[in-house]
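**Student:** Given the coordinates of chain A, work out where chain B with the ligand should sit on it, guided by the hints.
2 protein chains.
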Amino acid sequence: MQGLSCSTSRIVGCRFSIYPMTDNFVEVILNALREVDTSKVWMETDDVTTCIRGRSEHVFDVAKAIFIHAAKTSVHVVFNGTFSVGCPGDSEGNSYMSMNDERLNEEASIKEKVEVATQIALYPLNNPDYLQIIAEQVEVAKEHGTFTKGVHYASRLDGDANDVFKTLEQSFVNVYKTHEHSHVAMTATISANSPSKKEAI
Amino acid sequence: MQGLSCSTSRIVGCRFSIYPMTDNFVEVILNALREVDTSKVWMETDDVTTCIRGRSEHVFDVAKAIFIHAAKTSVHVVFNGTFSVGCPGDSEGNSYMSMNDERLNEEASIKEKVEVATQIALYPLNNPDYLQIIAEQVEVAKEHGTFTKGVHYASRLDGDANDVFKTLEQSFVNVYKTHEHSHVAMTATISANSPSKKEAI
Ligand SMILES: [Ca+2]
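As given, the protein sequences belong to chains A and B, one line each in that order. Using our numbering, read the first sequence as starting at 95 and increasing by one per residue. Using our numbering, read the second sequence as starting at 95 and increasing by one per residue.
Next up, chain A with everything else stripped away, as it sits in the complex (with noise of 0.2 Å):
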């Protein structure tokens, strides 16, 4: 049985910002945006943000390759977006869940090297078990060789985008799937060429 009104696709979607702390911010953006192919997710951009949703791969392929064509300008550039699934009634752009699972921009992406500092936090709601479910990511973290420590409301990951991208995918994947009906939201604050570990705040 199959409710009418509630979206079954499991459509993924991020709402984020990329911030360039420079003056030509613009010219960063609209430069990193005209490298990246986002045929394969529907994409809203307004005044505060960007919403991009499609299927799970696509929607991590096109924010890790805004991101890190952003990055390597070498700008202090910072990726600030909560990815989410499982919202009730969300069904715009599930015309995009009929791409196949090629990603476009997977093969640029990878051959950058842009070293991240990121803080991570994971809201698997109405769940009870939402703390294991937490730790077991960490675990997967550890795995990847992306975790560094816990900090009050987050988990910070280190290393180069591309191994960090694919620990939050992996995360947030892991999580969705613990249910078919799971509503999952995951934030991320990535930072890139930070000019010390003091001006940030």
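In case anyone wonders, no lab produced these hints; they're calculated from the structure. Any given hint could turn out to be false.
Identical chains share a label here; the pair holds if one copy fits it or two copies do between them.
[Said to hold, decoys possible] SDA-like cross-link-like pairs, simulated, lysine to any residue; straight-line CA separation at most 25 Å:
| hint | residue 1 | residue 2 |
| --- | --- | --- |
| 1 | 205 | 271 |
| 2 | 243 | 139 |
| 3 | 236 | 188 |
| 4 | 243 | 194 |
| 5 | 271 | 225 |
| 6 | 243 | 136 |
**Tutor:** Frame of chain A, contents of chain B with the ligand only:
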């Protein structure tokens, strides 16, 4: 009866960053910080974010003040943070819970008029009624006159920064008071002085 290992203080925290989109972003941040009295919150900054912890009113007072003093420069500035309460085992900074409720930065903050566009999302963990609880906070924002519309994964608020922060704080407090051991996260992306509706990503 009281668990020994469990904090009952309901300490509130916010892990956030301020992003001034300018070459002299460090100066903008440091100048803003100089104008803010942070003595009533526990505070720790690393290379990705800053974490403040203490009584709810002081966490919101300090977060708002740092953002407003950065944004009054007219530089495009974004606040991106997650407010949290009820994280199990969470006690560092508990001594700050004995501070009185007088807000140290409110007087200076309300003098500044900064228009903001904001997207917020509420995550009441381990709560089967979470969708209803979220819907109730939309009504709070409507009463405050700050609610603009729902977008994918978030609610959009617009208006003066002081009014928007009032909605953020009221919504967060309403949700964490739903029960004694609630665990709640609320993300907020708050943008001021954006050059156009086309340039955000
Ligand atoms: Ca902008």
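**Student:** All hints, please: hold or fail.
**Tutor:** Cross-check of the supplied hints:
Taking the shortest Cα distances, residue 205 and residue 271 never come within 25 Å of each other, neither inside one copy (30 Å) nor across copies (49 Å). Proximity of residue 243 and residue 139 under a CA criterion of 25 Å is satisfied inter-copy only: 15 Å between copies versus 33 Å inside one chain copy. In the homo-oligomer, the alpha carbons of residue 236 and residue 188 never lie at most 25 Å apart, since the shortest distance is 34 Å inside one protomer and 30 Å across protomers. Taking the shortest Cα distances, residue 243 and residue 194 never come within 25 Å of each other, neither inside one copy (36 Å) nor across copies (33 Å).
Proximity of residue 271 to residue 225 under the C-alpha cut-off of 25 Å is found in both arrangements, the shortest distances being 16 Å within a copy and 21 Å between copies. For a Cα distance limit of 25 Å, the shortest separation of residue 243 from residue 136 across copies, 20 Å, qualifies, whereas the shortest one inside one copy, 34 Å, does not.
Violated hints, listed in ascending order, are 1, 3, 4; each of the other numbered hints is respected by the structure.
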